[in-house]
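Undergrad: Sequence:
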Amino acid sequence: MVKENAEYSRKKSSLDKVSKYIPAVRWLRSYTKEDAISDCIAGITLGLTMIPQSIAYAALAGLTPQDGLNSAFVGCFIYSFFGTIKEVVIGPTSLMALLTYEYTHHLSSDFVILLCFLCGVVELIMGALNLGFLVELISAPVVSGFTTATSLIIVVSQMKSLLGLKFSSEGILDNIIKLCQNVKKVRTGDTLLGLTCIICLLLLRKLKDVNIPDKFPYRSVIKKTLWFISTGRNALIVVLSALVAFYYKEKGGAVPFYTTRTADTSIPSIRLPPMSTTFNNRTYTFPEMVSSLGTGYLVIPIISVLANVAIAKAFVNGAVEASHEMVTLSLCNMAGSLVQSMPTTGAFTRSAVASASGVRTPLAGLYAAALTFMALGFLGSYFHYIPKATLAAVLIAAVIFLVDWEIVKQLWKKSWLDLFTVGCTLIACITLGVELGLLLGVVVGLINLVYRWARPEILVENQKSYSGNVVMVTPMTGFYFPAVDFVSSAVQKAGLTKGRGKATVYVDCSRFSGTDYTVAKGINSLVAAFEKRGQKLQFINVPANCYALWTGTGCKEVYFKRTEDSTNIFDDSGKALQILEEDNDKEPEQKSLLSKEDCQV
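Just so we're aligned: 203 in full-length UniProt numbering is position 203 of the sequence shown, and the numbers increase by one with no gaps anywhere.
Where hints are given, some of them may not hold.
[Said to hold, decoys possible] Result set (BS3-like, lysine-lysine): computed pairs, CA atoms no more than 30 Å apart in a straight line: (1) LYS556 to LYS464; (2) LYS206 to LYS409; (3) LYS502 to LYS532; (4) LYS413 to LYS313; (5) LYS251 to LYS166.
[To be verified] Beta-carbon label-pair distances, calculated as ranges: (6) VAL408 to ILE177: 23 to 29 Å; (7) LEU134 to ASP516: 19 to 25 Å; (8) SER276 to GLY377: 26 to 32 Å; (9) THR32 to ILE177: 54 to 60 Å; (10) LEU28 to SER510: 46 to 52 Å; (11) ILE400 to SER276: 39 to 45 Å; (12) VAL408 to PHE286: 41 to 47 Å; (13) HIS106 to PRO213: 31 to 37 Å; (14) VAL450 to ALA529: 23 to 29 Å; (15) LEU436 to LYS33: 50 to 56 Å; (16) TYR21 to TRP453: 36 to 42 Å; (17) GLN410 to LEU459: 22 to 28 Å; (18) TRP416 to THR225: 45 to 51 Å; (19) TYR21 to LEU459: 47 to 53 Å.
No lab work stands behind these hints: they were computed from the structure.
Where a beta carbon is used, it is the ideal one built from N, C-alpha and C, also for glycine.
Work out the full structure: start from the sequences and follow the hints.
TA: Below, the structure is given as structure tokens:
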């Protein structure tokens, strides 16, 4: 019996070690029939969502429908076994497609495949080195400005397909100019089809919210049917539009709108990413290919990791294994490059569909991958019937809801610094390009953060003790080197004006979480200034870590009282300092929140 228990423990320990790297081992041990049914339903629903989306995203990236579907099934398959969050579904996204187009629109598809592989390598390095904290440097206002800008760029870029125009452009501003110049060439067929598709998509989107009375017969069945139609609206519109194009072609007449270009419809073969290629009668070596991609192999992985972690945090209550998620995402992209995929990541729309479909485990992605693979194998020869205007409508109807208008209302007159960050990121992405715009947004966000630390709010109170008046100065945030001059000036100002150069000044350090060497030197200078004019200065409620650093770098211990020693503070007379409630006939307590100008001595 003891031997059997030891053997069981050994096997369990081995499985636990394996499940750390392959999470599927963890939940497959308790996988039930009910789980399988729920995952199958969710997977089929996801597949119907992903197929038209992937084709549309491929068109946005300047690729063929086959490239989009190649990008869809591999990520789903890999994540099913290595992913940790059941709602995450890896595949093409509008953001990845736009960034891919930014870096490769002037190059061949070989560069896209190499970009996908390099993104996977960079993500693997980030995960191995636990560099997930870098993503945390991108604040919510920066993400909002970036997402809004990319959504607007996508809408404008798809207008030419929606209107049946053909021209090449560089950036959103050039696109708008070209649209105005070609307005007389707008094709009626494409425009009518595109607008009709957008209207239908928006109406179908609301179909799931239709209120059906509780006593209505078959209410549950009708509700689920409406939800399914609403969720699969993209596939429905694409199929109906393709049938219209098929009808025109079979009748031998001219199709009144442009359709997608034909391409290889076979199942993709597995081959290594290209390390050299020939394009426009020029042979590119591997270093030349990497150089041609610019900063894409660095920017795209950071954005994809950011998107994936954001989705994970939105759908998981507990902690997110960020490093493991980065490694899994890297495997999806590196494996995807073997079947000619574009860079991929998770998408909120797919995660929302998965959650609403009752997904139980990441295995739902396996069913979605199978459905996508079947579409690639059996429907590939029909992709050229899909109208370009329909794909443009699918993209526009999806991304217009990513434009974050709500943040402007939330920040207006409440946080101008954050609103300024949103505006800078938005304008920079539109005028300078999404990669430079994002970089500028991150820089502005960090400057915003440093400014808040450098200019903390400081509360100054005139209070009474049994021995006389004292001045209490309370910095409302932490105390690090950017704030040394500002806080020192505030304390000096309080001592000279509120304390008239005589009253004891207490600095309440209860809100400090940490400090640094520059602060210690600044405190030494501040203490010297108070000693010179004979005014007492005392730091109270000093956290242990601050106390250790300050006293260990030359500051005199007599000026500091740690948090545990500050419950009873004694003045020069040895009497306990107590904050007394003022009577109406006495001088009222004076409080002020120092402004930036007040702290200049």
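Undergrad: Take the C-alpha atoms of LYS413 and LYS313, compute the straight-line distance between them, and say whether it is at most 30 Å.
TA: holds (29 Å)
Undergrad: Could you see if the CB distance from TYR21 to LEU459 stays within 47 to 53 Å?
TA: holds (51 Å)
Undergrad: Does the beta carbon distance between TYR21 and TRP453 stay inside 36 to 42 Å, or does it fall outside?
TA: holds (39 Å)
Undergrad: Range hint 41 to 47 Å: satisfied by the CB atoms of VAL408 and PHE286?
TA: holds (45 Å)
Undergrad: Given the range 31 to 37 Å, decide if the beta-carbon distance of HIS106 to PRO213 lies inside it.
TA: Given about 57 Å between the Cβ atoms, the range is violated.
Undergrad: Check the hint pairing LYS502 with LYS532 against an upper bound of 30 Å on the C-alpha distance.
TA: With a Cα-Cα distance of about 12 Å, the restraint between LYS502 and LYS532 holds, given a limit of 30 Å.
Undergrad: Honestly, do VAL408 and ILE177 meet the 23 to 29 Å range at C-beta?
TA: Taking Cβ atoms as reference, VAL408 and ILE177 lie about 27 Å apart, which means the hint holds.
Undergrad: Range hint 54 to 60 Å: satisfied by the CB atoms of THR32 and ILE177?
TA: holds (59 Å)
Undergrad: Does the Cβ distance between LEU28 and SER510 fall inside 46 to 52 Å?
TA: holds (51 Å)
Undergrad: Confirm or reject the claim that LEU134 and ASP516 have a C-beta distance inside 19 to 25 Å.
TA: holds (22 Å)
Undergrad: Within 30 Å, alpha carbon to alpha carbon, are LYS206 and LYS409?
TA: holds (24 Å)
Undergrad: Tell me if the straight-line CA distance from LYS251 to LYS166 falls inside 30 Å.
TA: OK: LYS251 and LYS166 at ~26 Å, within 30 Å.
In summary, the one numbered hint that this structure violates is 13.
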